[in-house]
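Taking the hints into account, I'd like the entire structure generated from these sequences.
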Amino acid sequence: MKKIPLLSLKAIVLVLLLLGTQARAEVSHVSIAVDGLGCPFCVYGIEKQLKNIDGVKKVDVELKTGQALVTLENGASPDISTFQNAVKKAGFTPRTVQITAVGKVQAKNDKMHLSLRGSDEKYVLFVKDSASADLPPEFKGQLLKLAESQSLVAITGTPHSHAQGQSGLSVERFSPLASVELSVDGMVCERCVARLTQILEKRKEVYQASVSLADKRTVIEAVDATLNTEELIETINEAEFSASVDSDETKQ
Amino acid sequence: MVFAVISANAGPITTNTALPVNEGEFIFRGQIKYIRATDDPGPLDRELTVWAAPSVLVYGLAEKLTLFGIAPYLDKSMEVTTPEGRRTRAVSGLGDIRVFGRYTFGQRDKPGETLRFASFVGLELPTGADDVEDSLGQLPQPLQLGSGSWDPFIGAVFTWQTLQWEFDSSVAYKFNTEANDFEFGDVASLDLSYQYRFWPNELGEAVPGYLYGVVESNLIWQDNNRAFGTPDLNSGGTTWYLTPGIQYVTKRYIFEGAVQLPVIQDLNGNGLKNDFIVTAGFRVNF
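Residue numbers (my numbering), protein chains in the order written: chain A, 26 to 277; chain B, 7 to 292.
The hints are simulated quantities; they were obtained by calculation from the structure and are not laboratory data. Ideal placement from N, C-alpha and C gives every residue a C-beta, glycine not left out. Possibly wrong hints are sitting among the right ones.
[What the hints assert, rightly or not] Covered, in the sense of this in silico footprint (three residues per stretch, anywhere, with C-beta under 8 Å from a C-beta of chain B), are these stretches of chain A:
id, stretch
1, 117–125
2, 142–150
3, 229–240
[Claimed, not checked] Straight-line C-alpha distance at most 20 Å; calculated SDA-like pairs for lysine to any residue:
id, chain 1, residue 1, chain 2, residue 2
4, A, K76, B, A212
5, A, K83, B, A212
6, A, K113, B, E69
7, A, K133, A, S155
8, A, K89, B, E69
9, B, K116, A, Q109
[What the hints assert, rightly or not] Which chain B residues stay away from chain A? Per the calculated CB distances, all over 12 Å, these:
id, residue
10, I41
11, E90
12, L100
13, L121
Printed below as a string of structure tokens:
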């Protein structure tokens, strides 16, 4: 048997570690429709069960609609049944589960896929030349254009399994993403980072905010059509930090 | 005292609910009850005052199975007319602890609405002192902190909850057993509760606090007590309370208050009638 040199082994470990730290959110949000939810006191149980799942960053429940929106940590790889079981353990009935995944639309054979960012995972979106009752024709056209431009896109939909063992995603809505990089002064500790991240991610158009204390900057990913750099700077300044545009160009 | 299988998860103030308790979650409920009974038709002219502080701990053991424990601290005093004049007989301490389990048999969930049916079975443990004496001798059994007996009880509860209102209905029966040659009469109860969200009028985003107006009805029947096997004809009877209340519900806490007003008291012999019962409390989940 061939011996692997110690240096090579170290290199492999280093590469694996780097891959681990560089992993981005493949699936960023899981939205669960919860049946049977009637009063605020019951919400606590659902939040507690969902927060116990590995990789869950935040849980927001809206009582009026019965929706539990779970925000996942970067690189989390959710198992949908785990979320359904968590709702059941809280004593309620999970109805539909939707995910929001980020990646690029790509063609493979006759099928269009969403190739998730940071992983090899793929979701079949539709068959190119067949009429799908689930997907409006205008969606098809727009997704094909996104495939051509290779833009980053966030797609929300219901995951399902295909007969061949492939994962599919019934597209509900999608948004091309854009990012902007801003310099931020005034942050002194990790609490400032957490606070600023929370403030930015509260904005509806913001998909993800990565704030770095060391680099004094933030990279904000947002829905392309509604990304407004001036408004983002205003939000940061209102939080008593000082933001300025790092680069005039937003990047896709 | 009123036999009540109170819950701790959201729902009624004086009775139980079939609403779920999250698996692995604890709920603590603290209550203060003030009970006054002065309308004694007999020559003793008894005046009873009870301060009760039941503490309720609830644990969600499984998706459909919930465990409850209720430990009451009691402070009872009764003024009576004796040949030596008015005397007060008083006692305070831990009462009888009640433990029970509730299992949800039926559940139908829709968006913003749930229908649930559960049954419960439990036991009242003789943890309260049942042989307290004062200068007039041993206190009468109903004034003791505990019954001295092991008393099982069973019941069923139905809940229908929407985002706007909640309705609960509960039936319970307690089989009192003998201790110290004395047996309290069995107790049956039928409780109804209706809660209506007054505020907020319209539900906004996230999880707002609810202000509920509450109306409850407690119908209680008790059999005659028995001493040395002989029925005490001055005990037992039927009482119907109407209970207006108010409840503020958030994600972690509930604050509430209610007054049980006796509308009908059809008591046997010269049984002591209740004037009212005031309840105030809070609940917290963790």
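Check whether the Cα positions of A/K133 and A/S155 lie no farther apart than 20 Å.
Between A/K133 and A/S155 the Cα gap is close to 15 Å, so the pair holds against 20 Å.
Under 8 Å between beta-carbons, do enough residues of the stretch 142–150 of chain A, three at least, approach chain B for the coverage claim to hold?
violated (count 0)
Tell me if the straight-line CA distance from A/K89 to B/E69 falls inside 20 Å.
Cα-Cα ~23 Å, so violated.
Claimed coverage, the stretch 229–240 of chain A by chain B - three or more beta carbons nearer than 8 Å:
As far as the stretch 229–240 of chain A goes, the hint is violated, because 0 residues have Cβ atoms under 8 Å from chain B.
Is the claim that B/I41 lies outside the interface with chain A correct, judged by CB distances over 12 Å?
Since the minimum Cβ distance to chain A is about 27 Å, B/I41 lies beyond 12 Å and the statement holds.
Exclusion check [B/L100 not at the chain A interface, CB over 12 Å]:
28 Å, holds
Given the hinted pair A/K113 and B/E69, is their Cα-Cα distance within 20 Å?
7 Å, holds
Decide if the proposed pair is consistent with the structure: A/K83 and B/A212, CA atoms, cutoff 20 Å inclusive.
Roughly 13 Å between the alpha carbons, so the hint for A/K83 and B/A212 holds.
Hey, A/K76 versus B/A212, does the alpha-carbon distance stay inside 20 Å?
17 Å, holds
Under the criterion that the straight-line Cα-Cα distance not exceed 20 Å, is the pair B/K116, A/Q109 satisfied?
16 Å, holds
Does the stretch 117–125 of chain A contain three or more residues whose Cβ lies closer than 8 Å to a Cβ of chain B?
holds (count 3)
With d taken as the least Cβ-Cβ distance between B/E90 and chain A, does d exceed 12 Å?
Non-interface label stands for B/E90: nearest chain A Cβ at 53 Å, farther than 12 Å.
Going down the numbered hints, you'll see the structure goes against 2, 3, 8, 13, while the others check out.
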